[in-house]
Amino acid sequence: MVYPITTAVAIFILISLYFIAYLMDRKFMKKINTSSITLMGMLIALIVILTNCIGNSGIFFNTRLMLGNFVLFLSGMMFGPVGGAIVGTLSWLIGLGFIQTFIHASILAMYVLYAMLGSLVFLFKSESKLTYVILVYSFLAIASFLMTFVAFPIASWASVGGELTFWQWMLRPKKFIVFPLDVLIEPLLIIPCFEVCLLLLKNNPTVEGKTWATRFGSLDHLFSKKRSKKISSNLQKTTA
1 MVYPITTAVA IFILISLYFI AYLMDRKFMK KINTSSITLM GMLIALIVIL TNCIGNSGIF
61 FNTRLMLGNF VLFLSGMMFG PVGGAIVGTL SWLIGLGFIQ TFIHASILAM YVLYAMLGSL
121 VFLFKSESKL TYVILVYSFL AIASFLMTFV AFPIASWASV GGELTFWQWM LRPKKFIVFP
181 LDVLIEPLLI IPCFEVCLLL LKNNPTVEGK TWATRFGSLD HLFSKKRSKK ISSNLQKTTA
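Okay, so the sequence shown: first residue is 1 according to our numbering, each after it adds one.
Simulated from the structure, these hints should not be mistaken for lab results.
Think of the CB as a built atom: it goes at the ideal place given N, C-alpha and C, for glycine as much as any other residue.
Please note that a few of the clues may not be correct.
Simulated pairs of lysine-lysine, BS3-like, Cα-Cα distance not exceeding 27 Å [said to hold, decoys possible]:
1) 31 with 125
2) 27 with 174
3) 125 with 30
Pair by pair, the computed Cβ-Cβ distance ranges are [unchecked claim]:
4) 96 with 181: 22 to 28 Å
5) 146 with 53: 20 to 26 Å
6) 42 with 134: 43 to 49 Å
7) 19 with 172: 29 to 35 Å
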């Protein structure tokens, strides 16, 4: 009885998240183009590989890690709540082919929410690099907490059940190791990867101006000029 009830609640939350995402970015479909779809496809593939092929393999101390979570957050930063929700949904659906444990809609809803929380970093215009970094860490911490201590325990409790209660699934010792590591490491991956994505889009100004992150204008003031020049130089060598 627990499984169908939690699934129904998760689906309701998922639909609500899509509705909220649409209200936040009603012009998404007008901004989408071939280049954006290509980059979204690359992010989806990266999430599936990092999470389902590598993270779930148990090669890290026999522990399953959601290595693709930072890419989910990044997709929301780049493409906004609607684009992030689409990336989250498609990456979860494609990843079903690699799942060897339980399947529950709460994880899908959390994928979508994880990406949408990334979009909140650029919900308002910010001229401060410090504010930008604080927002990344803050929303990432919220997303990671909900994934670790809410979504996964619900999915485990509803799917596996057994003698363990929801609270026992929630308070498993491993989670108190994984959560702080996620909060510490993921932003260190998100910030430089986001900068690389923006530099790639600069080759196509019409695309750059249509992304969620740059709808208020250029974000060059948020990044290190020295690192940006180094990345640009490496990209030019790669494409030469």
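A quick look at each hint next to the structure:
no., hint, in the structure
1, 31 with 125, "19 Å, holds"
2, 27 with 174, "42 Å, violated"
3, 125 with 30, "21 Å, holds"
4, 96 with 181: 22 to 28 Å, "26 Å, holds"
5, 146 with 53: 20 to 26 Å, "24 Å, holds"
6, 42 with 134: 43 to 49 Å, "28 Å, violated"
7, 19 with 172: 29 to 35 Å, "33 Å, holds"
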